[in-house]
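Trainee: Produce the entire structure from the sequences given, and follow the hints as far as they go.
Residues in the sequence shown are numbered from 1 upward in steps of one, following this note's numbering.
A few of these clues could be false.
[As the list claims (entries may be wrong)] In silico DSBU-like pairs for lysine-lysine, Cα to Cα no more than 30 angstroms straight-line:
#1 K65 with K28
#2 K65 with K93
#3 K93 with K139
[As the list claims (entries may be wrong)] Pairwise CB distance ranges (calculated):
#4 T120 with E41: 40 to 50 angstroms
#5 L140 with D79: 42 to 52 angstroms
#6 N133 with G55: 45 to 55 angstroms
#7 P128 with E41: 39 to 49 angstroms
Bear in mind the hints are in silico, worked out from the structure with no lab data behind them. Each residue gets a CB set at the ideal place from its N, CA and C atoms; glycine is no exception.
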Amino acid sequence: MIKKFTTDVETPFIYDSSGIYTQEDPSKIDQIGTMLLQTLETLGIDGVDLLEVVGNKRSVAMRVKQDLIIGNLTTGRVDELASRLDELEATLKAEKVEEEVEEAIVNLKELSRKVNMILTEFLGDFAPRVYRNQLKKLKLEEGELPLKKMKDLIYALGDAANLMIGPTQSQEMTDRLLMLIK
Numbered sequence: 001m002i003k004k005f006t007t008d009v010e011t012p013f014i015y016d017s018s019g020i021y022t023q024e025d026p027s028k029i030d031q032i033g034t035m036l037l038q039t040l041e042t043l044g045i046d047g048v049d050l051l052e053v054v055g056n057k058r059s060v061a062m063r064v065k066q067d068l069i070i071g072n073l074t075t076g077r078v079d080e081l082a083s084r085l086d087e088l089e090a091t092l093k094a095e096k097v098e099e100e101v102e103e104a105i106v107n108l109k110e111l112s113r114k115v116n117m118i119l120t121e122f123l124g125d126f127a128p129r130v131y132r133n134q135l136k137k138l139k140l141e142e143g144e145l146p147l148k149k150m151k152d153l154i155y156a157l158g159d160a161a162n163l164m165i166g167p168t169q170s171q172e173m174t175d176r177l178l179m180l181i182k
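Mentor: Here it is in structure tokens:
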């Protein structure tokens, strides 16, 4: 999404909890985002409708909501920055809706027996406890889960097993669990 808005004079960016999306140097955007969020938190400000910083060579406009910053760096005309942010935000919302619609669902209840068989093969008598603990830790219940949550569970099981059986066997177990959802 960011790439289609990037031009010779404009560099849009998104800074949120899932990462930094930009064609610019991500470490620069990370510094901007971290500093801005910390400053706003210190001031007790939840969000900013529009923040513009105009410089001699470059300017930036940003919109801040909770842990999300949508911004645009430009060497061009500053008066167009706010409308560009609206376009970025609308596109971001549309893509998130698309992502949610396309998100696959996995029925953990149906897979539970197979998951437990693999866990038991690697962890023996500890398998049921490790499984329950990770479900509880991730606040999951057996039933329908988004694919991402199921992957989170599998990786959490692998991490927990790593302490007990070592990294090689833990990785093998994780790979076998991932095969269940492919």
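Trainee: Checked against the structure, which of the hints given earlier come out wrong?
Mentor: none
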